[in-house]
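Peer 1: Residue numbers (our numbering), protein chains in the order written: chain A, 1 to 318; chain B, 1 to 363.
FYI, nobody ran anything at the bench for these hints, they're computed from the structure.
Incorrect hints may have been included.
[To be verified] Distance condition first, Cα-Cα at most 25 Å in a straight line; then the derived SDA-like pairs of lysine to any residue: (1) LYS135/A x THR28/B; (2) LYS135/A x ARG321/B; (3) LYS343/B x PHE299/A; (4) LYS292/A x ASN189/B; (5) LYS34/A x VAL273/A; (6) LYS135/A x ILE10/B; (7) LYS66/A x PRO12/B; (8) LYS34/A x ASP208/A; (9) LYS45/B x ARG321/B; (10) LYS292/A x ASN31/B; (11) LYS62/A x MET120/B; (12) LYS180/B x ARG282/A; (13) LYS292/A x ILE193/B; (14) LYS292/A x LYS45/B; (15) LYS62/A x ILE36/A; (16) LYS292/A x LYS247/B; (17) LYS66/A x GLY133/A; (18) LYS292/A x ARG321/B; (19) LYS188/B x ASP291/A; (20) LYS135/A x VAL30/B; (21) LYS135/A x LYS247/B; (22) LYS343/B x ILE217/A; (23) LYS177/B x MET125/B; (24) LYS38/A x PHE185/B; (25) LYS34/A x TYR182/B.
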Amino acid sequence: MLIDEGLASILANAILVLLLIIMFDYTFGWLERKTIAKAQFRHGPTYLGPFGFLQNIADVIKLIAKENIVPSNADKLIFSVLPPLFLSFFIFLVYLLPFSNSIGISLSLGLLAVFVLLSFSPLIVFLIGIASGNKFSAISAQRSVIMLLGYEIPLILSIAGVVLYAGSFNIATIVNDQRSAYFIFLMPIAFAVFFISMLAELERPPFDLREADSELIAGWLVDVGAPYYALALFVDYTRMFLGSLLISLLFLGGWLGPSILPPLIWLMIKAFVVAFIIVIIRATTVRMRLDKLLSFGWFWLLPLSVVSIILTFLLFVR
Amino acid sequence: MLTKINVGPIHPSTHGVLRLVVTLDGDTIVNVEPHIGFLHRGVEKLVENRMYMQSESYMEKVDYAAPMAYSDLYVSAVEEAMGVHIKERAKYVRLILLELQRIASHLLWLGTFCNDLGQMFTMFMWTMKDRDLVMNLLQDATGSRMFYVNMRVGGVSMDLPPDFEEHAKSLLDYLEKRIKDYEAFLEKNPVFIERTKGVGVLSRKDAINLGVTGPVLRASGVNFDVRSAYTYYAYEKLNFMPQIQVKGDVFARYKVRILEMKESIRLIRDALKEMPEGDALGMPIKLISPPIKEKEVIVRRELPRGEGMMYMVTDKQKPYRLSIRAPAFINLSALNHMAQGAKYADLFAILGSLDLVMADVDR
Numbered sequence: 001m002l003i004d005e006g007l008a009s010i011l012a013n014a015i016l017v018l019l020l021i022i023m024f025d026y027t028f029g030w031l032e033r034k035t036i037a038k039a040q041f042r043h044g045p046t047y048l049g050p051f052g053f054l055q056n057i058a059d060v061i062k063l064i065a066k067e068n069i070v071p072s073n074a075d076k077l078i079f080s081v082l083p084p085l086f087l088s089f090f091i092f093l094v095y096l097l098p099f100s101n102s103i104g105i106s107l108s109l110g111l112l113a114v115f116v117l118l119s120f121s122p123l124i125v126f127l128i129g130i131a132s133g134n135k136f137s138a139i140s141a142q143r144s145v146i147m148l149l150g151y152e153i154p155l156i157l158s159i160a161g162v163v164l165y166a167g168s169f170n171i172a173t174i175v176n177d178q179r180s181a182y183f184i185f186l187m188p189i190a191f192a193v194f195f196i197s198m199l200a201e202l203e204r205p206p207f208d209l210r211e212a213d214s215e216l217i218a219g220w221l222v223d224v225g226a227p228y229y230a231l232a233l234f235v236d237y238t239r240m241f242l243g244s245l246l247i248s249l250l251f252l253g254g255w256l257g258p259s260i261l262p263p264l265i266w267l268m269i270k271a272f273v274v275a276f277i278i279v280i281i282r283a284t285t286v287r288m289r290l291d292k293l294l295s296f297g298w299f300w301l302l303p304l305s306v307v308s309i310i311l312t313f314l315l316f317v318r
Numbered sequence: 001m002l003t004k005i006n007v008g009p010i011h012p013s014t015h016g017v018l019r020l021v022v023t024l025d026g027d028t029i030v031n032v033e034p035h036i037g038f039l040h041r042g043v044e045k046l047v048e049n050r051m052y053m054q055s056e057s058y059m060e061k062v063d064y065a066a067p068m069a070y071s072d073l074y075v076s077a078v079e080e081a082m083g084v085h086i087k088e089r090a091k092y093v094r095l096i097l098l099e100l101q102r103i104a105s106h107l108l109w110l111g112t113f114c115n116d117l118g119q120m121f122t123m124f125m126w127t128m129k130d131r132d133l134v135m136n137l138l139q140d141a142t143g144s145r146m147f148y149v150n151m152r153v154g155g156v157s158m159d160l161p162p163d164f165e166e167h168a169k170s171l172l173d174y175l176e177k178r179i180k181d182y183e184a185f186l187e188k189n190p191v192f193i194e195r196t197k198g199v200g201v202l203s204r205k206d207a208i209n210l211g212v213t214g215p216v217l218r219a220s221g222v223n224f225d226v227r228s229a230y231t232y233y234a235y236e237k238l239n240f241m242p243q244i245q246v247k248g249d250v251f252a253r254y255k256v257r258i259l260e261m262k263e264s265i266r267l268i269r270d271a272l273k274e275m276p277e278g279d280a281l282g283m284p285i286k287l288i289s290p291p292i293k294e295k296e297v298i299v300r301r302e303l304p305r306g307e308g309m310m311y312m313v314t315d316k317q318k319p320y321r322l323s324i325r326a327p328a329f330i331n332l333s334a335l336n337h338m339a340q341g342a343k344y345a346d347l348f349a350i351l352g353s354l355d356l357v358m359a360d361v362d363r
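Okay, chain A solo, but in the shape it has when bound:
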């Protein structure tokens, strides 16, 4: 069978993006362990490979080789189907993003699609938490849905300014609109709100209320077995990739940069820098409380995002 040119390029794109996801997941997993270790006067992984770079492979093999235990209290169908689905969900979301003018797909409503789908992720966490039949997981599931009320609206509103300025939901157009100035300089308030809400979306400290190791042991992951825990790690890292990509695409100019490096490399560098900053935040801050997060969302993030939209409209659009 002959493969025509369009299909070949789609396939090449798909494989490239998958490779990027795997590359980021793996490198970020190692980078996070190393960075946190450095912050805590530890060495982190050192034995396998240079600077312990291969340690994560060993860990994943160990986790996947173990028996997958489904607790007797659990809703077996939901509990065994959803974790793999959750991972594929985030991989699918990454596929909706363009990686440069030629790599990845550029949808005319791409931004809208990403955020509509992204707002389902707390609900999936809710389902896994409830289905596992553990009380800690149930509390984590409740928190997941309550948190949604706190940060989801500011998250959407903060990108409204970006859409207003660019006049399009197409992420490629939004990136190309930043040729004169990155949106982080034009709308710093929107960037701050977006970054903070994204931390909550990514389940990163100080908003890691769903996982809350010191309170809920592991939150919605309390009862998952080892193979699913490995999947959950991939979910975490893929989600991190999605989040840092979105931050760098919408506010940091995406693949734009001096032409010494190809556009894709610029995007990856920006994504890694954003991810690194998020890891540093993880190493230093204590966890927020649920009710404080809600009041913070409603009394600070929401008004600030509205102010940002009004300012963007008055300054740039009108």
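Assemble the complex: chain A is given as a structure, and chain B must be docked to it using the hints.
Peer 2: Frame of chain A; chain B shown alone:
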């Protein structure tokens, strides 16, 4: 609808084997019921079957985060019973070592407290590193790193080494800087302030009624510290000042411990300056036997966790009965009062602020 949830005995934030049965109304705590006894070893009974100075090492394991404070408490009870006076230099040596032990204990507490608040292990590793330096110094002075067993009737097992003063001074300078850093690091973090201020308030009246002692009591504005109220060793000569906060919340308890570390640093510095020359060695262990003078003795000492009291009925070779008032046990009994009405996440902030060692609670 009320939910009952079982926290522990295996849980990241219960500091060992504490089991809490928490009744929740939504996210609000209605009742907390501590279940203890998982680490009960019957230390009080064990002591009855051993000669006086054989029990000292048992006593140290009662509180593994501040072992020397407990061995001092026990040896003081034996001294009281025998009517032995402590040598003048030994008073200073003990004070220095005990205050170093207090700093080590509070540093460990600071790390675990930040763990409870959700800053997984960053502060813990930092304070553990500093605590390790303190333990190295204590090793120089006593011969062992964790369980010292260096208190002897009338003095200590060995005098301070000749280079101790120099090492101690440089360590204290370093610790002072580090503690200042920790203070800035935590108190400039708005999330930390939000998590601690106004949480788990224990009023002055309730604190007295519930019998809590130590930093928990002083954080509620009560000026009571055994070191000044029933002064011993050289605390009076060194003008010891109890550290007090008035708010009675988690932040106040944190602040009291930070201030206590600073006060300990000052005390050690002054003690090193004013320490008299002479002999600090105690009696050899073999000589500890009758004549025991008193039949019943009670001693009280300020341990890092609060007021420790030891009641001993003496007999010829061995104590007839020994009873310990463990500060952590009584502080734990105030948990339900403090946690009622708080949010579930606050339970661990409050629990962390009590500075529990489960071996101390269960004995």
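Peer 1: Could you tell me which of the numbered hints above are not met by this structure, giving the numbers in increasing order?
Peer 2: 2, 14, 18 and 21
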